[in-house]
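Student: What follows is each chain in one-letter form.
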Amino acid sequence: MSQNSSTFSSDAVQARRYLAALAGMTGLLLLAAAAVSAVGIRHRVMTWRYTQLLHYQFDKLSKTSGAKILLVGDSSLGNAIDARAWSSALGKPVLSLALTGAYGYGGTLNMIRNALRSQPIETVIVFQHAGMMRDKIVYEGMVLTADSLSDLDLVPFSAIWSSLVNLATAVNVTGTFLLRARGQTDTFAATDYVPQAAAMPDTGSEPAELALDPNDIVPGHARVLSAIAALCIEKNLRCLYVHGPLTRSICANSAEFFAAENRIIRSAGLTPVDGMPICLPWRDTGDTENHVAPQLKQNYSARYLALISPHLGKSPTRP
Amino acid sequence: MFLPITVAGYSLLIHFGWIRAAFVFLTLASLAFYGFWDVRFLPLLLGSLAFNYLASRIITRSEGRRRTTSLVAGLVFNLGLLIFFKYAMFAQTVLHDLGGGGFGLTGIVLPIGLSFITFQKIAYLVDVYRRSPVQQDFLNFSLFVTFFPQLIAGPVVHHQEVMPQFSRPRMQSLSSDLAVGITIFVFGLAKKVILADSLSLVAKPVFDLAAQGHVPSLLPAWTGLLAYTLQIYFDFSGYSDMAVGLAAMFGIRLPTNFAAPYRATSIIEFWSRWHITLSRFLRDYLYIPLGGNRAGDPRRYVNIFLTMLLGGIWHGAGWTFVLWGAIHGALITINHVWRSVWRGPPIPAAASWAMTFFAVALAWVPFRSNDLRTAWRMYAGLFGGAGQTDALSIPSVVDYLWTVAVYGVGPSGTLNPVVMLVVLPLAALIALTLPNLPRIMGRAWPGLPTAGYPELAMPAIHRWFEPPRWKPAMIWSVLVALIGSLCLLKLNDVSEFIYFQF
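Chains as they are written, first to last, in the working numbering: chain G, 1 to 319; chain W, 1001 to 1502.
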């Protein structure tokens, strides 16, 4: 460390140049990573396991025209309802764009927006797993399903920043682009959703009883639900909210929890369909507690149609 | 935003010659930093600060019994706080396990940095009592205790190292200090974010498996242990480097805390290179007051063992930390005994290194384990307790690595192939063969040496691996920018939640 003034100032000049170069290079590298991520997210050039489902749903949307009834939500929807069977029964085109719970209500909102851009939707049925409001609020789902900047209106800047400026996304996008890989989506066509994993083991008796606690509801979900309701009013849509099925050992003990969820849904401006969730007997439960067993999908699809169809003739959502 | 604002404010005040105001500003910024972490404990920190300063003034002005009583009161206060917040719940558990009741304590939260702050204040009070040269300016004392770069995770700074620095402006230009400080900070951050956090992806599943009641298979057990051995080094030394780098941005020099410890060829040497400031504190304020080596060898070994035992307890409230301390106490004692009795030729350096490294690695098992049973299962797995005695054959090792590379799955569950096959070997290479950061930074390294401890700068094991010394040149700015960008990208990594689960 020099005390001589000319060496001191020459060290300072060198150091300033170093710092300027450091700042400039870092900024450029981060911008480059953000740009790669942004392009990848915008064009869905990624190969994470459930972005294959996103590709599948967007491909389906692009090949569909004239859909009147839109089903959006998560895996509880994808495993419980056959949109094609509903179309035949109702005589109206029904389109399911089910994703996964990880995409959150934000992903659901953006899938509605994406569908409205190309389809003459009249009715939207939001179908999410019964414990949805216990999930923490994540924004990546909203970022991944966004088709324009306006679709990011509810995403904080910090979440956009961390979605774009992150190593995993940049590496994945680059790898996917270089390897021309998009993952296997042809396995989804048979059931119009991701095939289930192996069923939970049958121990011969119902699992232990559990109750969902209303205190576990994460505050903040109402914000996106309100945005869904506002969209429904703006576009003169009939919008319904359906709690997905849940295995009976939990479902039967959680009435307070579902009542709390329904209060939030109503206060946001949506209409929860009565009689939900359907409590699944253990033998009807699939690979997780909120999935219908695959061999019973048609049965439950018909059952949900019977329960929901009386609501389909009602007026659109009102403020 | 905190760091740029603090550096800018401090530098502006220094620039106008308002040195005292600059250090007041730094103290207030450090208190704000602590309050941001957990505002509940800010009154505790301030109260403790005031009490210790008052105690030091009383000690200074007292003689005889009053002087001693004042010191004891100060020590009891500081240790009492630490014992209450850190060990009361553990003591309650032990009492409960022994069939007693409890104290009715629930949910005690340890204030951040309390362990480090306690040792710093104890050293200060003891030195005041011993009439060592001690600055007794309240502002300087406050900043010494609260200085934010070392507040959360050390190093255990000695007042004689830093307090004299609080009365003078920068020794270099702001630009030079920033260039050095940011560079070191980036390297420290890379150690933590890129290496340590990645290595935890390999170590955690193995230790979790043991915690769930299973004995890990041989290869996963050793892989997990090696990963953790490197993880804790890069995690801790990374934090220490970040502290040195942050302090350098203010023209303040903190002591160096690590000097390539995994290249030590004896356990005694290991402890002169690992957490140097803690080792120094334990030596000066525990080992020597216990008698050190003044009462003959048997008593010396007892003092060593007790010192390391208490050092282990300082790290955490649990039997696993007691065991870890006891293991190191035993190892150091054995090392001293060996040195005093062995008259044969010296053990080859490679063999010494191997024994030291594996002894240290095996000692990390209880340190990392949730409880003693988990530690036992890990040891069982490490020594073939899961039954795979042929797993160390070359075909088995190749098959294991191939399975991880292709399927991302090891016998303990999902493993990240990139971490396993790229980061883990890279981390081992860095820790064991390459020059350490003080060596790379050369004369620009601001970290203070510790008297009586070995040379901090550790060269590469061969000159072919020796890079040029750091200087504020374009090539280094590109490299540091690359590493810094990688760190920032890694910090923002999206959790697997969105991509791998319903």
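Hints should not be assumed to be uniformly reliable.
[What the hints assert, rightly or not] Below, computed lysine-lysine pairings styled on DSS-like, alpha-carbon distance capped at 25 Å:
#, chain 1, residue 1, chain 2, residue 2
1, G, 92, G, 68
2, G, 136, G, 235
3, G, 136, W, 1471
4, G, 60, G, 235
5, G, 136, W, 1086
6, G, 235, G, 68
Treat the hints as calculated values from the structure; they're not laboratory data.
Student: Would the hint linking residue 136 of chain G and residue 1471 of chain W be met if the CA-CA limit is 25 Å?
Tutor: violated, 46 Å
Student: Please verify whether residue 136 of chain G and residue 235 of chain G have alpha carbons no more than 25 Å apart.
Tutor: Outside the cut-off at roughly 29 Å; violated.
Student: Going straight from one Cα to the other, do residue 136 of chain G and residue 1086 of chain W come out at no more than 25 Å?
Tutor: violated, 31 Å
Student: Holds or violated: residue 235 of chain G and residue 68 of chain G, Cα atoms, limit 25 Å.
Tutor: holds, 13 Å
Student: If you draw a straight line from the CA of residue 92 of chain G to the CA of residue 68 of chain G, is it 25 Å or shorter?
Tutor: holds, 6 Å
Student: Are the Cα positions of residue 60 of chain G and residue 235 of chain G separated by 25 Å at most?
Tutor: holds, 22 Å
Hint compliance for this structure: hints 2, 3, 5 are not met, and every other hint is.
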